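**Q** In the working numbering, the protein residues as written are 84 to 487.
If you are wondering where the hints come from, they were derived from the structure by calculation, not from laboratory data. A quick note: this is a predicted structure, and the numbers were derived from the prediction, not measured. Only true hints are included.
Simulated pairs of lysine-lysine, DSSO-like, Cα-Cα distance not exceeding 27 angstroms:
id, residue 1, residue 2
1, K392, K461
2, K165, K154
3, K444, K392
4, K223, K165
5, K444, K165
6, K165, K461
7, K392, K352
8, K444, K461
9, K461, K352
10, K444, K352
11, K252, K444
12, K475, K444
13, K392, K252
14, K154, K223
Derived DEER-like restraints, expressed as beta-carbon distance ranges:
id, residue 1, residue 2, range
15, D89, D473, 49 to 55 angstroms
16, Q456, D89, 43 to 49 angstroms
17, D406, A233, 28 to 34 angstroms
Every residue gets a Cβ at the ideal spot worked out from N, C-alpha and C, and that includes glycine.
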Amino acid sequence: MESFIDPAFVELSSHLADRRQAILDAWRNRASADPEQSTARMLTRGQFENHIPPLLEALEAKLREMGDGHKSAAIDENDARKEEIRHGVERWQQGYRLAELMHEWGHLHQCLFDEIESFAANRPNLPHRVLAAAHQELNKLIRDGIDESACQYNRMQQTEAANRLNDMKTGMAKLGEIEKARGALIYHAVHDLRANVQSVGLAAEALRENTGEADRVLFATLVQEGVHIVSAMLEELMQLARLEAGQEVIQLTTVNAAEVIGELYGQAKPMADSRHLFMHTEGPADMLVQTDPPKLRRILQNLVFNALKYTDQGGVTVRWGPDGEHWWIVVHDTGPGLPAPSATMKPSARGGEGVGLSIVKRLSELLEATMEQSSSEKDGTSFRLILPRDYKHAEAKSKSKSGE
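Start from the sequences, fold in the hints, and give me the full structure.
**A** And the structure:
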């Protein structure tokens, strides 16, 4: 479209700036009313608006420039792209499905379209080319936002897949080491052990009971530990596969969340004591919520035991509390922190968390929970989950999740 100068653009820019909060409110209301956007309803206003206000400011600046010919000091196209990238990454961290994010951009488009049309309706002499150019800029804003969001989701999925691949490679390497150890043990210690040995674990138990040589007992112990590690890893991979295949069904019941967390504390405290780390819990003694207790425990087990595993000094704190129609729980450790998510982030240096955090993410989606992550070398790592206090139409929800 041919460029031209028209003061009507300045007027439209001022109108959109004055109406910015009203536009954001309308956008949030549309998203909250959309049954496909369950995650959006659990975000605070600041979390929901995210990086969109600077993008609206950029649109207003572009329209003003078209009206008076003077380039604004507002964010340029490169800055706008960075905001779009951050928006996509943070929506991923907040637990959005890609379909939810696409719906959200569509709602924003409709709200801005309606506002521009309302502006035009009150100005019957507004040149058609002004309206057409304004819609062209709006379409560009939404198109670029969708493009960047989709690209970020693709990159984040690739990173998640790379983490899983790395874990599987580690598991395969462990299996190779165990197979070599089994051969050496059979050759040196057991004459009557045949090729039909059912598992490396059974062979190690036989060696521990039938030989008194310290080095062979130690070797057997190492094999057992290796089998345990690989078994746990394979179990996690199987659970992740079930989650991604949609085979997990949520069974909602009303429980005291504090008691569920207390049970987890009892499981984790011995590990903390053995590593000379503190294990603290902070929260109300009674807090009735509706949830799937085994899945909630699985989420917290992954977060708490990983936190203990990768913390050398200090310890882990678990906090929880109510927040209106939701409740929250925070797991914080004083460990080395995780790499900051970015468009080019690599698998985590805290090895083995690829599968564990993927499971946490998928289980959180099942429970309609939002998960926020913050991490730094100075302050450690925190995971904050925000969950519904109860679920409307729980029976219908359970059926839909099971594929009935």
